[in-house]
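Please work from the sequences and hints to get the whole structure.
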Amino acid sequence: MQDLEALKESLLAEAAQAADSAALEALRVSALGKKGRVTQLMKTLRGLSPEERREAGQRLNAVKDALTDALEARKASLAEAELEARLARERVDVSLPPRPRPLGRIHPISQTVEELVAIFGEMGFSVAEGPHIEDDFHNFEALNIPPWHPARQDHDTFYLPAGEDGERPVLRTHTSPVQIRHMQEVKPPIRIIVPGRTFRADSDATHSPMFHQVEGLVIDEATHMGHLKGTLIEFCRSFFGVEDLPVRFRPSYFPFTEPSAEVDIGCSREGGQLVIGPGKDWLEILGSGMVHPKVLANCGIDPNKYQGYAFGMGIERIAMLKYGIPDLRTFYESDLRWLRHYGFVPLEAPSLVRGI
Amino acid sequence: MKFTLSWLKDHLETDAEPKAIIERLSLIGLEVESVEDRAQELAAFTVAYVKEARPHPNADRLKVCLVDTGEEEVQVICGAPNARTGMLGVFAPAGSYIPGTDMVLKAGTIRGEASNGMLVSEKEMGISEDHEGIIEIEAEGTLGGALPLGTPFAKLLGLDDPVIEIAITPNRGDCLGVRGIARDLAAAGLGRLKPLDAPKVTPSFASPTFWRRDLPAERQDACPFVAGKSFRDLTNPASPDWMQRRLTAIGLRPISALVDITNYVTFDLGRPLHVFDAGKLRGDPTMRYARAGESILALDERTYELDPETLVIADDNGPQGIGGVMGGEDTGVGDATTEVFLEVALFDPVMVAETGRRLGILSDARYRFERGLDPESAVWGVEVAARLITEICGGEASETVSAGEVPDPRRTISLRESRVESLCGLAVPAADQARILRDLGFEVTEQGHELSCQVPSWRPDIEGEACLVEEVLRIHGYDRIPATPLTLDTSLPLPALSARQRRVSAARTALAWGGLHEAVTFSFVAASEATLFGWTDPALRLENPISSDLDVMRPSVLPGLIAAAARNADRGFPDVGLFEVGPDYAGAGPKDQRLVAAALRAGKAAPRHWGGAPRGVDLFDAKADALSVLEAAGAPVENLQVSADAPAWYHPGRSGCLRLGPNVLAAFGEVHPRVLSAYGFDGAMAATEIFLERVPEPKQKAGSKLRPALALSAFQPVERDFAFVVAEEVPAEKAVRAAKGADKALIANVELFDVYRGPGLPEAHKSLALAVTLQPRERTLTDEDLEAVSRKIVAQVEKATGGSLRG
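Taken in order, these protein sequences are the chains called A and B. No gaps in the numbering here: position 193 of the first sequence is 193 in my numbering, and each next residue is one more. No gaps in the numbering here: position 522 of the second sequence is 522 in my numbering, and each next residue is one more.
For the record, the hints were derived by calculation from the structure and aren't laboratory data. Backbone N, C-alpha and C fix where the C-beta goes; we use that ideal spot for every residue, glycine too. One or more hints might be untrue.
[Stated by the list, open to error] Reference listing, derived: stretches of chain A covered by chain B, where coverage requires no fewer than 3 residues with Cβ under 8 Å from a Cβ of chain B:
| no. | stretch |
| --- | --- |
| 1 | 29 to 42 |
| 2 | 48 to 58 |
| 3 | 113 to 124 |
| 4 | 201 to 211 |
| 5 | 260 to 270 |
| 6 | 323 to 335 |
Next comes the structure, spelled out in structure tokens:
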């Protein structure tokens, strides 16, 4: 029996010292396998009396169980050590940069257009578009700007060679021709905004030969200048995010509206810094008015029945004011540093409920 | 349009503060652009008495002056040779801004003597170049001889008269004279319009010269009326100080009395005039159209060739003036002029505008004529001019002579009393409407619920009822119009964007997520660039480009992006990823404009990284960009075919098109090296153009958002790999397509995962490795099933490609 105790001690000691899972397995086979030492001892039990057999069997089983537990324990601790070693091995410098997954930027003009769509969309406007190469009728005549009109001088029109009809196409000088195209096609009620490229033959620090405008047009039987004011005041406050932004309407002149108004927003220029909001100064940002009866008639809409308003503004201008972009010309230079600095991450379309 | 406050007050009786006047101008539609108040700028410079000027103890050329400013005595060190005891000069205290030196004056010590201000020269004040010495004021001078010390020197100079500049909209020709502005202000409640001061000059002789009109019957309107007078025994000195001062203040150079008078009346009353030196005229001046071959040396000292469309004022020698635009040099007045013939004419605005534009002359006269002149001004204009000429130049005036008839512009327009409210949302009492219109010169009679308004002769812009509404409202005040919210017809707004418009946002977002920055480039490019991108149509070349670099409507969006990439590379940023969603122009028609999403990558595909070697961009970057945009735009990317026929600006062997049958949705590839070298770019660029409008609309019923039911299989998919040896020129897509088609029910996907060339393969052949995913739907596949489908795949691919299964 002392032999048995010695065997147990020796087996447990072997188990505790096994260097790896292979040694553990070898030990298990040498003790508990078919020809293992413990198995062999079990076989000797057959020659014993039932009583002796039970007693010796219990003791042998105890050795067997102790060894099994020791093997398991050693296996677990070996696995633990192995994992520790692996983790240590796998340690890296976490301060290294990750694999690049570059994210581009959305141009401020696109972002501003999306914001315009979000705001005016809430007010029931939909987006209309039209061609950049226009004819004289849509760009001028139908808008009550006949060829001799002094307003044409302000437009610095780009011309293309005359076509077969002898008429020279123009690059649209404003988005207003889309008003005409839309009214020719769609019966009132009409409620559209028209963002898009416009062109004037003028180039200096504050003028670009190509720029963007947005046009608004509402035609129905009842919309009046009070609605124009309501719409534009709401727009200005929402777009610039200034709840108490002062908005001023001044009489002006556009051939295609009557009465006409220019719209100023409040600002302050103290300390050389332009801040949009209540202040001492005014900043002109858009032109507007009630659609001229002649324009309605030119589009086949009865001016005795229908009326409405139109407005237009420069997209770059309002973007510059809102986002503090100092120079118009940089919008078109595609300088990567500028695009990254002034551009917008493409996370989500602007919406009023999420905030603009 | 510029004027001074005192000039305005010639016509407007008012005690309103200048600030109130300036504010009101903008609010009635006469937008104030600037107010220049020299008196304000020069307020620090006051009249002072030099009590004592003694030599500086430590400097030969300096003097120590004791100056009485009226408030205190100040010691000033002065270097001017004319500084002396007992003189009156102009003093600026320490702390004043000195315009001539652009510095703020500091108190200090000069060679041991304190100096607390400055006696200034005209140059230091910024009022002239005179720096001979300090300003000396004659004690017995202006202000009635009583000259209190401390008086601002600007006041002595007559500079205490603010110059106001307003922007006049094209419809308000009547406000291109100071009087018109005064009338508007009076209507707005800021004073009373004084009566026009135009007493008749008593004529003392019969005019030896007559006006004649020789116009075709159908063009009588070109110059319906002209009047004038002869003047004799006059002189043409410099004009009086008050007139010179006003003209100078608004930026005109005084020339001589006669010329200044014509300019003055132009700006005072909006009435352009012309004076001929009668001694130089041959025969009676005649309004007629120019004859072929005629030319004129105009007052701007340039010679203009005239055509038969140009109305001229001609004498026996030929044209002596261009009607409504500019007078001629040959018969212009000079110092020696003693006889004058006056021209006060009416011209057709359209004729003047067209003539001016044709000849490229922008004169004060043209500016007024083309905006419409008061026809009555041809009558009173003669009298106003005659009075000024005889008062300033002496001599006598003749009877008035004229030709033609003054047109009667009177017309009556009705204004419904309710129209202001229905058009503008603000009720204005009828009596107020009538009062405003009367103040503006309308003759108003009330007829039931309408105001019958006779339009004043100086308002050709008033065309209809809406114009009257604007007149009432701009005087009543736009600020009183209540802001009214628009109401929606639906309880929630409807979509603002069409499916096509949403594609633009989708393309933009997809490309930005692909790491590209959005650019906006011009719609026009240089002809040389356009040619590289297939431009030939002369109809797309601008007639008046801003520069020869921007003269053709772009045939592709790419040139702008390529140029931008090259520019960025030149600045030291060679790895560029840009895109633009915008138009290109296949022709000048409205339908020729295409909406394109274009993307461009140059340099390395990704920044250098410690985990891997950098890779240059290639066509597959562009293809991936194209596919991601097409997927975002809703194109059936699974069904797209690829063809190797991209346009000529792509590398012919490394580019292609993505198409649905004949419909090309996108082109992609590496940019042709010849194009790159035209932009001076050294390296590779990969580009794509996606034609967003060609993406077919999804085949759903309108408005339906329903997706087809999802049929998930209970059985695991099985993947099997195949490799085929095919000839080099066989497109891989052919093998993939054939494999996909081998058993449409079972084959869920085929991916090409390897292309091998080299040992073990015949010359000019490649091995394509395909991973085929089989998706059983009814039961687990048996070995026989697998065997059968494999045979089908091999057969199909071999048939389609002419290749064979790699053993």
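A quick look at each hint next to the structure:
1. Counting residues of the stretch 29 to 42 of chain A whose C-beta lies closer than 8 Å to any C-beta of chain B gives 0; at least three are required, and the coverage claim is violated.
2. Judged by the Cβ-Cβ criterion of 8 Å, the stretch 48 to 58 of chain A is not covered by chain B as claimed, because only 0 of its residues qualify and three are needed.
3. A count of 7 residues in the stretch 113 to 124 of chain A with a Cβ less than 8 Å from any Cβ of chain B is obtained; the coverage claim is therefore met, three being the minimum.
4. Counting residues of the stretch 201 to 211 of chain A whose beta-carbon sits less than 8 Å from any beta-carbon of chain B gives 5, enough to reach three: the coverage restraint holds.
5. Here's how the stretch 260 to 270 of chain A fares: 3 of its residues keep a CB closer than 8 Å to some CB of chain B, so the rule of at least three is met and the hint holds.
6. Note: the stretch 323 to 335 of chain A has 5 residues with beta-carbon separation from chain B under 8 Å; the three-residue rule is met and the coverage holds.
In summary, the structure is inconsistent with hints 1, 2 from the numbered list given earlier, while agreeing with the others.
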